[in-house]
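Spelled out from the first residue to the last, the chains are:
Number of protein chains: 4
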Amino acid sequence: MKGPTLNFRRHPSKDNGIKSVEILAKPETPPPKFIEESNMEFNILASEKLPNYAKLDLFHRAVYPFMLLAQCFAVMPLLGIRESNPRRVRFAYKSVPMFVTVIFMTATSTLFLGMFTRLVNIGITAKNFVGLVFFGCVLTAYVVFIRLANKWPAVIRYWTKTEMVFTKPPYELPKKNLSRRVQLAALAIIGLSLGEHALYQVSAILSYKRRLNICTNITEVASFDNYIQRNYDYVFEILPYSPVLAALMLLINLACTFVWNYMDLFIMMISKGLSYRFEQITARIRKLEHEEVCESVFIQIREHYVKLCELLEFVDSAMSSLILLSCVNNLYFVCYQLLNVFNKLRWPINYVYFWYSLLYLIGRTAFVFLTAADINEESRRGLGVLRRVSSRSWCVEVERLIFQMTTQTVALSGKKFYFLTRRLLFGMAGTIVTYELVLLQFDEPNRRKGLQPLCA
Amino acid sequence: MKGPTLNFRRHPSKDNGIKSVEILAKPETPPPKFIEESNMEFNILASEKLPNYAKLDLFHRAVYPFMLLAQCFAVMPLLGIRESNPRRVRFAYKSVPMFVTVIFMTATSTLFLGMFTRLVNIGITAKNFVGLVFFGCVLTAYVVFIRLANKWPAVIRYWTKTEMVFTKPPYELPKKNLSRRVQLAALAIIGLSLGEHALYQVSAILSYKRRLNICTNITEVASFDNYIQRNYDYVFEILPYSPVLAALMLLINLACTFVWNYMDLFIMMISKGLSYRFEQITARIRKLEHEEVCESVFIQIREHYVKLCELLEFVDSAMSSLILLSCVNNLYFVCYQLLNVFNKLRWPINYVYFWYSLLYLIGRTAFVFLTAADINEESRRGLGVLRRVSSRSWCVEVERLIFQMTTQTVALSGKKFYFLTRRLLFGMAGTIVTYELVLLQFDEPNRRKGLQPLCA
Amino acid sequence: MKGPTLNFRRHPSKDNGIKSVEILAKPETPPPKFIEESNMEFNILASEKLPNYAKLDLFHRAVYPFMLLAQCFAVMPLLGIRESNPRRVRFAYKSVPMFVTVIFMTATSTLFLGMFTRLVNIGITAKNFVGLVFFGCVLTAYVVFIRLANKWPAVIRYWTKTEMVFTKPPYELPKKNLSRRVQLAALAIIGLSLGEHALYQVSAILSYKRRLNICTNITEVASFDNYIQRNYDYVFEILPYSPVLAALMLLINLACTFVWNYMDLFIMMISKGLSYRFEQITARIRKLEHEEVCESVFIQIREHYVKLCELLEFVDSAMSSLILLSCVNNLYFVCYQLLNVFNKLRWPINYVYFWYSLLYLIGRTAFVFLTAADINEESRRGLGVLRRVSSRSWCVEVERLIFQMTTQTVALSGKKFYFLTRRLLFGMAGTIVTYELVLLQFDEPNRRKGLQPLCA
Amino acid sequence: MKGPTLNFRRHPSKDNGIKSVEILAKPETPPPKFIEESNMEFNILASEKLPNYAKLDLFHRAVYPFMLLAQCFAVMPLLGIRESNPRRVRFAYKSVPMFVTVIFMTATSTLFLGMFTRLVNIGITAKNFVGLVFFGCVLTAYVVFIRLANKWPAVIRYWTKTEMVFTKPPYELPKKNLSRRVQLAALAIIGLSLGEHALYQVSAILSYKRRLNICTNITEVASFDNYIQRNYDYVFEILPYSPVLAALMLLINLACTFVWNYMDLFIMMISKGLSYRFEQITARIRKLEHEEVCESVFIQIREHYVKLCELLEFVDSAMSSLILLSCVNNLYFVCYQLLNVFNKLRWPINYVYFWYSLLYLIGRTAFVFLTAADINEESRRGLGVLRRVSSRSWCVEVERLIFQMTTQTVALSGKKFYFLTRRLLFGMAGTIVTYELVLLQFDEPNRRKGLQPLCA
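Residue numbers (our numbering), protein chains in the order written: chain A, 1 to 456; chain B, 1 to 456; chain C, 1 to 456; chain D, 1 to 456.
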């Protein structure tokens, strides 16, 4: 799943404040009118008494360290991501981060092409197809992230404006605040994926060394150059070998692995950010229990709930391509790795890497699904209390709120083809098992052949 | 997927004004009473001050050029399709277009029979079955289109009457008007399908020539006659060969390809026409935001919404057979072509044709599904605004509208067996993958055999 | 799928008036209280001015000829089925029809046992399993019909009481009355199934004769006795052969075929009976359009609608076992026959029988599903009109009716595991295709073997 | 599916009253506030006039004998389970039952390890995997039950508090009271599973004896020691053999079988307990028919209904892991056993055991699903009567109750991935058939090999 690096130095994304092209991405379902209105209100806020964004429990603040990290790998080329004021986040086609991204994409394309020519030569099969899918996914992810970056300034402003109300009473801070939650998820994913990448390299190097030790008929000498040329031969079939190229290729390979993991991480962070707010609404509803509540309170709660749903819609329309890509990617790799469960491997380290990688993959897929499904779960958790509202407090607003919570599918979606809910995960698990059973049968002849001779 | 032509000249469908048999097709779900009423109202309009239909943004005006084109291939034999007044559209069993259609159908039947006798001789397999399915689908499509033509005058009148209200304020024209939209979709499909057909011929001719060049043991001389006899041998097993017959066969083959594509195109145009109106309702609802709206406005909006839903029901009951046929047809061909992905082909041009054809097929299938699913999406897009209606403007009519939008599945259907929504497409994709995996396994022995000797 | 007859003479079911055991079957979901109440009301009606049941358009009148016919084959052993007054219908364990049923069941069990011992000897495979399934289904059907007969008196009384209101104004008779509809469906099924059975015998006899003509090494003489012994060998392995036994076996075989078809026919008749009443409600609602309707009318309509839904529930709880059995049976046989599509057969008459039988089977399955799904379709057809009720006529009762029509799944069910709707049929078709593809692959080795030698 | 015993004596769980660690398990969806409130009310009740729990028809009283039995096998290590007052039920990590549980778990782990090392040596296949799954499931079940025991004191108190209201008028005792129902289900499962275990031992012993009788080349002497060493060889590869160990291993094996069955039994008992209360609500609603009911009654009914739903939620959040484990376990074993249906076995007793075991497994799976689905069925059974509420009695509370019953999925769930309803069972059956068909094809080569030589 990995490939080498090209000659390339990433320019730091700091010098991003030069051009401030105002990009108001046209959302696919444009929230009618209030964008302008909100901006206006937003501006007034900004001029009159600018809120101290840095101290507030805002999504932008929670998420910006990891978006900065992503910029190191040329993902989501935005300007002003480090500013505490979300209004300063901008996107420009003619900017340094964008330039870096293009360079990374070119490098990845080279790996993709190298892989492709190699496969055409030896014949594409369902088995060796996987490398192409990996680089193809990463390339698509780069494009999707650029389009998302284009929409991001509008998204993050709208988001900040919507969540502003949740930072003040009567809403309370949950025990674990948003930044902590996002951090925990992100660090877990980053740590585990670093582990996976390291283990991959260790496994490759050890296999390489053992082979040279055992096979006396091979006259190669173990060296970094030889190792790279053997393991990334598909690149050096279309490029001349040089140590610098090799190092760059390793870098790009790392970047690809990062992007491949960051897709899921980004969806997770978004999901955490949204379900956090629904949780606050639920908490507020819970506090109303056993109280006489006047209609105006319910009017306000419903208003906030509707606004949150609209934010979700808006975010969803910007994120849908990424979600679709991530799901297809995860399903493909889970199926592919499960298929290899019964394969024989040569060295123990290969088994260690394989099982780590498989479990990590399944865990990550389940985690991203469950985190996204949490939005759906959280959005209807207030129902229980609302159903117990006594007949004295009962009013049209409660009825409307219950009706909306009951009938609306509040969840992130893959281009509205499916909604990320817990039931979907169940259905998908069933489908994956079916695929796996058929594929295992399909793959049996290969499996029976066993390992190929080591020293050929 | 193609076949030859019979001796036949298409009579132009211009002389269609002679007999004016009044056909009031009995819809399967007859909209009670108001058909007559609507006609009456319609008549009054027609006599008192006839609206200048040609200038209005009506569905009939948007769609008639392509229905005219279809008549060139004997699809939907209607009279008066060129008139700007939809009332003039008529259907008659004893008419010139109908006569032309019968001739085309006879010719197609001949191709079908030729294919059938051939297959019975060499043994029907899942693989060579495809030609039979192609001609069978086209024949069925002709019959379905005749039945649809029979209902069309009633449909287009009802449609025009319903959409009249949307051509006046308070409804506004969306940026891209209906004609533009229909044209774009239609030209794309027609252009791409022409490309597919041309590429098919080029691929067949080049393969034919190369074979003659290489195989020295074959004494045939490359000529049009020989080419036709080789490639359409199944026809000339039941008919004597003559150059005129050959030319006709090519024409009929073209007609078949047209019909095969027109099914999907027609569904697309219908879908565009319907979702356009729902879009106008959504736009009108959006404009009401942040305003104090009195109940009468909501009464009117709901009325128009209900009428549109009824129009959809009515159109759906007329179109359902076509939708069912198109879906089955598309699913079959997508499965069949996907199955051939791993097959080896002899010449590069064959690969070019195969991949163009496969991508075109998948694209067209996805396009027709998504266009139809748009009706469903568009019909509930007003919900967001309606949910934000303040408690002052809230009234029973808004409640009814929300309830209807939430609970009713507003979508075209395949005989009510399934509704064309985005979720369906997702489910179908999952099912196709299952089928494909099983079929690939099934087909493996054939695939392993590889290419048969060229010069046998 | 067929077997022979045992020595047995059916006693006519006329002498059924002797014992009148009052059986008030306890329904699984007992309609609370009103059973007694209804009976009381029913009794009053019966004593004061007995309605002329014979002249009314009642379900019992429509269905009794076919239930009488079924009694000839010992299905549903009821007494008093010929009486026009549904109150006279009784069930008794100690009665002549019940005795006849037991004899038929014993005979069928013998066939089942013969088949079973034969299969155990030659080894049960997925292919030869079918005979066992056939007789097993028929036996189960007999049991299920006895249990249904036990509940039938309660069902038909409740049904009659519920439908009484639909025989008077304001409800109108639809164009085709209930008896006509039931008759059409029943005659079609009976005619086609007779054709199937006859064709089966013709096919078997012709195959038998041809074989004797061609195979000179076989010294058998073509005779009725020899024919029976050859074709029903499994019976005469456990019973001694005698011509009387042979004739009886043919009779029992005919009875089994009848029962096998009658399951579906019965479900169809029930469905027609129920959807007919929903159609009348829809018609009544339609007539209200464009009128100012006072609430009391809607109260009445809703009341009748609810009662019809309860009747459906009650009938469903009695019928569910039969529906489950019929569905499983149909799915199994459709899968089995589809699997044989690619098999080679010896004589043309075998092909004729096979294709007739396959198409009949699929047609019957689709027909019974669609007829049952019609209840569901018909039950919500009034929604369109109700949605257009103007805001002046709008009242709580209309709201309740719309809510109920929208949210309740009004349909026959298989023990509540699934509801017979059009969408189910679509899902099932997809599943059958999956099964078929896997099974075809499974069966390929057998198929490749081809026909076995004729004269072995 | 079985394994041997370790040297171990179970300490009776009687001495459980020493430490009374107050554990208020934090429920995953904490019912807000009222836990304390309920406890308070509970305490007042307890101090002022303690209800005679022993005489009431409470869930705790119905279920405690079987929980005591489970403690004999170290399942759910609780203290004070025998007390009639549910408040006395406690859980402590440092307690005798917990200690016993740990010992059992250690022993089971040994069996698991033995099996695992054996399989690694001979190579893991899909076929011999089953033993590992069995012991793995049992181990997981022990852990799940410990976590459940931790939550149980809170659950049973909340449960008792909620059901208190149903023990008094206006609620009536259904004919069969809760204890009877739970007893019937439990005794059936326990009896049948004992039969299964006994039959397993008989089958193993007879096979062992026959083999020694027939195979003259084997010099072993039939003895208990030899039998154990042959049949549980995987244990004595990692442990030295001794008769005491053998006896203990048989005991642990029995315990594993018990746990394996108790999972399902426990879910069934919970389901019976919940559906019983919904049944009482339904009965109460039914009694209101044909009466003029004032709103306060509906307020009360709705309140009880909502409380019951909350209890279900609470129980579900505690039970979900167990339900998930039980479902996965059942699906796996049903698939595995179905796969063996066409396998040849050596002795008749093997067939007897196999078929008994298969039918028992399917029966138990269906039974646990149907019992759980009953909650769902029962929770909406009141709808019929509520729909008939006349327009005079109609009030907002009825509307709310109908709305809730219609839209809420009241059912136990597997971590919200799926809800245990009757429709789920139908979908699962379809999926199992698909799996089975693919697996059968997969397994064919093994099946064709037939039996291995007896005396090898």
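Note that these hints are calculated values from the structure, not bench results. Possibly wrong hints are sitting among the right ones.
Stated by the list, open to error - Listed next, the in silico DSS-like pairs over lysine-lysine satisfying Cα-Cα at most 25 Å (straight line):
{"no.": "1", "chain 1": "C", "residue 1": "Lys175", "chain 2": "C", "residue 2": "Lys161"}
{"no.": "2", "chain 1": "C", "residue 1": "Lys416", "chain 2": "D", "residue 2": "Lys344"}
{"no.": "3", "chain 1": "A", "residue 1": "Lys161", "chain 2": "B", "residue 2": "Lys449"}
{"no.": "4", "chain 1": "A", "residue 1": "Lys344", "chain 2": "D", "residue 2": "Lys344"}
{"no.": "5", "chain 1": "B", "residue 1": "Lys416", "chain 2": "C", "residue 2": "Lys449"}
{"no.": "6", "chain 1": "C", "residue 1": "Lys161", "chain 2": "C", "residue 2": "Lys176"}
{"no.": "7", "chain 1": "A", "residue 1": "Lys307", "chain 2": "B", "residue 2": "Lys287"}
{"no.": "8", "chain 1": "C", "residue 1": "Lys161", "chain 2": "B", "residue 2": "Lys416"}
{"no.": "9", "chain 1": "C", "residue 1": "Lys94", "chain 2": "C", "residue 2": "Lys176"}
{"no.": "10", "chain 1": "B", "residue 1": "Lys175", "chain 2": "B", "residue 2": "Lys94"}
{"no.": "11", "chain 1": "D", "residue 1": "Lys168", "chain 2": "D", "residue 2": "Lys344"}
{"no.": "12", "chain 1": "A", "residue 1": "Lys176", "chain 2": "D", "residue 2": "Lys287"}
{"no.": "13", "chain 1": "A", "residue 1": "Lys287", "chain 2": "D", "residue 2": "Lys307"}
{"no.": "14", "chain 1": "B", "residue 1": "Lys415", "chain 2": "C", "residue 2": "Lys176"}
{"no.": "15", "chain 1": "C", "residue 1": "Lys127", "chain 2": "D", "residue 2": "Lys415"}
{"no.": "16", "chain 1": "D", "residue 1": "Lys416", "chain 2": "A", "residue 2": "Lys415"}
{"no.": "17", "chain 1": "D", "residue 1": "Lys161", "chain 2": "D", "residue 2": "Lys176"}
{"no.": "18", "chain 1": "D", "residue 1": "Lys344", "chain 2": "A", "residue 2": "Lys287"}
{"no.": "19", "chain 1": "C", "residue 1": "Lys161", "chain 2": "B", "residue 2": "Lys449"}
Stated by the list, open to error - Facing chain A, from chain B, some residues (calculated, C-beta under 10 Å):
{"no.": "20", "residue": "Cys335"}
{"no.": "21", "residue": "Leu339"}
{"no.": "22", "residue": "Ser390"}
{"no.": "23", "residue": "Phe417"}
{"no.": "24", "residue": "Thr421"}
Remember, predicted model here, so these are calculated numbers, not experimental data. Ideal placement from N, C-alpha and C gives every residue a C-beta, glycine not left out.
Going down the list of hints, with the structure as the test:
1. C:Lys175 - C:Lys161: 23 Å, holds
2. C:Lys416 - D:Lys344: Violated, at roughly 37 Å.
3. A:Lys161 - B:Lys449: 64 Å, violated
4. A:Lys344 - D:Lys344: 30 Å, violated
5. B:Lys416 - C:Lys449: The given pair, whose Cα atoms are some 43 Å apart, is violated under the 25 Å limit.
6. C:Lys161 - C:Lys176: With Cα atoms ~22 Å apart, Lys161 (chain C) and Lys176 (chain C) stay inside 25 Å; holds.
7. A:Lys307 - B:Lys287: 18 Å, holds
8. C:Lys161 - B:Lys416: Violated, at about 33 Å.
9. C:Lys94 - C:Lys176: Outside the cut-off at roughly 40 Å; violated.
10. B:Lys175 - B:Lys94: At roughly 43 Å apart (the allowed maximum being 25 Å), Lys94 (chain B) and Lys175 (chain B) break the hint.
11. D:Lys168 - D:Lys344: Answer violated: Lys168 (chain D) to Lys344 (chain D) is near 59 Å, above 25 Å.
12. A:Lys176 - D:Lys287: 50 Å, violated
13. A:Lys287 - D:Lys307: 18 Å, holds
14. B:Lys415 - C:Lys176: It holds: about 23 Å lies between the C-alpha atoms, which stays within 25 Å.
15. C:Lys127 - D:Lys415: 41 Å, violated
16. D:Lys416 - A:Lys415: Since the Cα atoms of Lys416 (chain D) and Lys415 (chain A) sit roughly 24 Å apart, the hinted pair holds (cutoff 25 Å).
17. D:Lys161 - D:Lys176: 22 Å, holds
18. D:Lys344 - A:Lys287: 65 Å, violated
19. C:Lys161 - B:Lys449: Measuring from Cα to Cα gives roughly 70 Å; hence the hint is violated.
20. Cys335: This interface hint is violated because 15 Å lies over the 10 Å limit.
21. Leu339: 14 Å, violated
22. Ser390: 8 Å, holds
23. Phe417: 20 Å, violated
24. Thr421: Interface hint status for Thr421 (chain B): holds (9 Å vs cutoff 10 Å).
Of the hints listed earlier, those the structure fails to meet are numbers 2, 3, 4, 5, 8, 9, 10, 11, 12, 15, 18, 19, 20, 21 and 23, in rising order.
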